[in-house]
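Read off the chains here:
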Amino acid sequence: MLASSQILQPVRASTIIMSFALALFLNFLPWRDLRLMPDFVALVLVFWCIRQPRLVGLGAAWALGLLTDAGNGVLLGQHALAYSILAFLGIWLSRRILWFGSGLQALHVGAILLAGQAVALLVRVVAGDGFPGWALLVGPLAGAVLWPMVSWLLLLPQRRAEREQSI
Amino acid sequence: MEHSPPPFFKRGPAPLVRLFFFASLSLALLVIDARFRYAEGLRSWLALAAYPIQRIATAPIELLGTVGSFFSTQAQLVEDNARLRAKAMAYSQDAQRYEAIEAEAAHLRRLIGAAERLEVRSVTAEVLYHGRDPYAHRLFIDRGATHGIRPGSPVTDESGVVGQVTRVHALLSEVTLVTDRDQAIPVQVVRNGLRAIAFGGGASGTLELRFMAANADIQGNDRLVTSGVDGTYPPGLPVATVMRIEKDAENAFARVVCRPAAGVDRGRFVLVLSDDATRPPRPEEAAKDKREKRRGRLKDSDAR
Numbered sequence: 001m002l003a004s005s006q007i008l009q010p011v012r013a014s015t016i017i018m019s020f021a022l023a024l025f026l027n028f029l030p031w032r033d034l035r036l037m038p039d040f041v042a043l044v045l046v047f048w049c050i051r052q053p054r055l056v057g058l059g060a061a062w063a064l065g066l067l068t069d070a071g072n073g074v075l076l077g078q079h080a081l082a083y084s085i086l087a088f089l090g091i092w093l094s095r096r097i098l099w100f101g102s103g104l105q106a107l108h109v110g111a112i113l114l115a116g117q118a119v120a121l122l123v124r125v126v127a128g129d130g131f132p133g134w135a136l137l138v139g140p141l142a143g144a145v146l147w148p149m150v151s152w153l154l155l156l157p158q159r160r161a162e163r164e165q166s167i
Numbered sequence: 001m002e003h004s005p006p007p008f009f010k011r012g013p014a015p016l017v018r019l020f021f022f023a024s025l026s027l028a029l030l031v032i033d034a035r036f037r038y039a040e041g042l043r044s045w046l047a048l049a050a051y052p053i054q055r056i057a058t059a060p061i062e063l064l065g066t067v068g069s070f071f072s073t074q075a076q077l078v079e080d081n082a083r084l085r086a087k088a089m090a091y092s093q094d095a096q097r098y099e100a101i102e103a104e105a106a107h108l109r110r111l112i113g114a115a116e117r118l119e120v121r122s123v124t125a126e127v128l129y130h131g132r133d134p135y136a137h138r139l140f141i142d143r144g145a146t147h148g149i150r151p152g153s154p155v156t157d158e159s160g161v162v163g164q165v166t167r168v169h170a171l172l173s174e175v176t177l178v179t180d181r182d183q184a185i186p187v188q189v190v191r192n193g194l195r196a197i198a199f200g201g202g203a204s205g206t207l208e209l210r211f212m213a214a215n216a217d218i219q220g221n222d223r224l225v226t227s228g229v230d231g232t233y234p235p236g237l238p239v240a241t242v243m244r245i246e247k248d249a250e251n252a253f254a255r256v257v258c259r260p261a262a263g264v265d266r267g268r269f270v271l272v273l274s275d276d277a278t279r280p281p282r283p284e285e286a287a288k289d290k291r292e293k294r295r296g297r298l299k300d301s302d303a304r
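Taken in order, these protein sequences are the chains called Y and E. Take 1 as the starting number for the first sequence in the working numbering and just add one per residue. Take 1 as the starting number for the second sequence in the working numbering and just add one per residue.
Hints may be right or wrong, so weigh each one.
[Said to hold, decoys possible] Going by beta-carbon spacing under 8 Å, a handful of chain Y positions derived as facing chain E:
1. F25
2. V74
3. Q78
4. A80
5. L81
6. W134
[What the hints assert, rightly or not] In silico negatives: residues of chain E with every beta carbon more than 10 Å from chain Y:
7. A34
8. V67
9. S72
10. A86
11. D94
12. P134
13. F199
14. A203
15. R210
16. F211
17. M212
18. N215
19. R244
20. I245
21. G263
22. L273
[Stated by the list, open to error] Examples of chain Y residues lying across from chain E (beta carbon under 7 Å, computed):
23. Q52
24. W62
25. G77
Derived by calculation from the structure, the hints in this document are not laboratory data. For glycine and all other residues, C-beta sits at the position ideal for the given N, C-alpha and C.
Same shape as in the complex, but just chain Y (with noise of 0.2 Å):
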């Protein structure tokens, strides 16, 4: 059964918050290399954007991006730019994308974890450092695969509402 098939519960903000907090949280963990992480806010990012579109948009995108930005030291609007990208292709394909079924469905997120981690690299490169590695793909990838997990864990409190209610 496609996930866009079922009746959901509509979404509470606080578990829109809440889910940002706990994506920022694992973000910060200190990793041993962060490249082959995936970066879990770009990723809740994009499940909201392309579930609640009208809800989530590019300022809440911003506005990560410049917390990320200051909590990691590096320049500022780097995540921002990055994030604000992510944000608009979610909405973009959010029609196109709840049609597929999970599988699909990461693979379109993968593509669009990578068109973010590519914008940040540009900004890197043209502020003068140096490619980092092809390990930078990893995290990316590593995102797609965790989306059909990402995806069940986030619709939870929307589903488990609606099961009570049909017994």
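Please arrange chain E on chain Y, whose structure you already have, making use of the hints.
Showing chain E alone in chain Y's frame:
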């Protein structure tokens, strides 16, 4: 009366328009931050906002450490204790000898009329986490402006120079490691006093001496220490050991690759050194003063 759509159809500007708005805003911020460094205030506020999440994120690791130490065995503790006691004994002997030698050195320096070495204060800090940026080698420590950390202070651990404080927020500061591509540190070969500048090697986690003459007297396993001529790093801190020397017939310069002495990617605690003692003014400033004076004199003569 004007016909406007009912309010539930209003969706604000189109996503593409919003994208242009936010992208240009980001680009403007990027340029401001990279070129002019006007955005530091905003960055400090944002960093303060992100601080609680960062602190919570490092908590599980600390908790694991605590739990691990709770279950450490008696035998291990006894062994550790004995080892540490032996180490402390050796260090205390070294310290006594050091004091005597320091007094002697100060005496000799007074005799030959050299300036006395400045006292160096140090603050212990705990490493919060490594920067999430794969393009730069940075780490974050849990001491900031409220603890008296200043930008530019050198950071060391027990075995050598780790890096330099490059940005100070209220409660934490950012340390750029010596292995970062943009970080340079003036060094001296212990064996013969040859001065050079060590640059970070980037992703390889090494240091490099670039632009060394191909016939420079430098060998494998030479130890490099800070030379102190820059007025930022105190002299004599271990920086690196020479790993290999790449000489190229086409190139007039040899490339010397070194391994950092400090555990730049290990360890939980670092020392932030600071020397608040007054230093003689930099020559540039003196030169500027002179230029200004000369300009003033010219103006005077014009007036006359």
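Verification of the hints:
no.: 1; hint: F25; in the structure: holds, 5 Å
no.: 2; hint: V74; in the structure: holds, 5 Å
no.: 3; hint: Q78; in the structure: holds, 7 Å
no.: 4; hint: A80; in the structure: holds, 4 Å
no.: 5; hint: L81; in the structure: holds, 4 Å
no.: 6; hint: W134; in the structure: violated, 11 Å
no.: 7; hint: A34; in the structure: violated, 5 Å
no.: 8; hint: V67; in the structure: holds, 17 Å
no.: 9; hint: S72; in the structure: holds, 22 Å
no.: 10; hint: A86; in the structure: holds, 32 Å
no.: 11; hint: D94; in the structure: holds, 33 Å
no.: 12; hint: P134; in the structure: violated, 4 Å
no.: 13; hint: F199; in the structure: holds, 12 Å
no.: 14; hint: A203; in the structure: violated, 6 Å
no.: 15; hint: R210; in the structure: holds, 15 Å
no.: 16; hint: F211; in the structure: holds, 19 Å
no.: 17; hint: M212; in the structure: holds, 22 Å
no.: 18; hint: N215; in the structure: holds, 30 Å
no.: 19; hint: R244; in the structure: holds, 21 Å
no.: 20; hint: I245; in the structure: holds, 23 Å
no.: 21; hint: G263; in the structure: holds, 14 Å
no.: 22; hint: L273; in the structure: holds, 21 Å
no.: 23; hint: Q52; in the structure: violated, 13 Å
no.: 24; hint: W62; in the structure: holds, 5 Å
no.: 25; hint: G77; in the structure: holds, 4 Å
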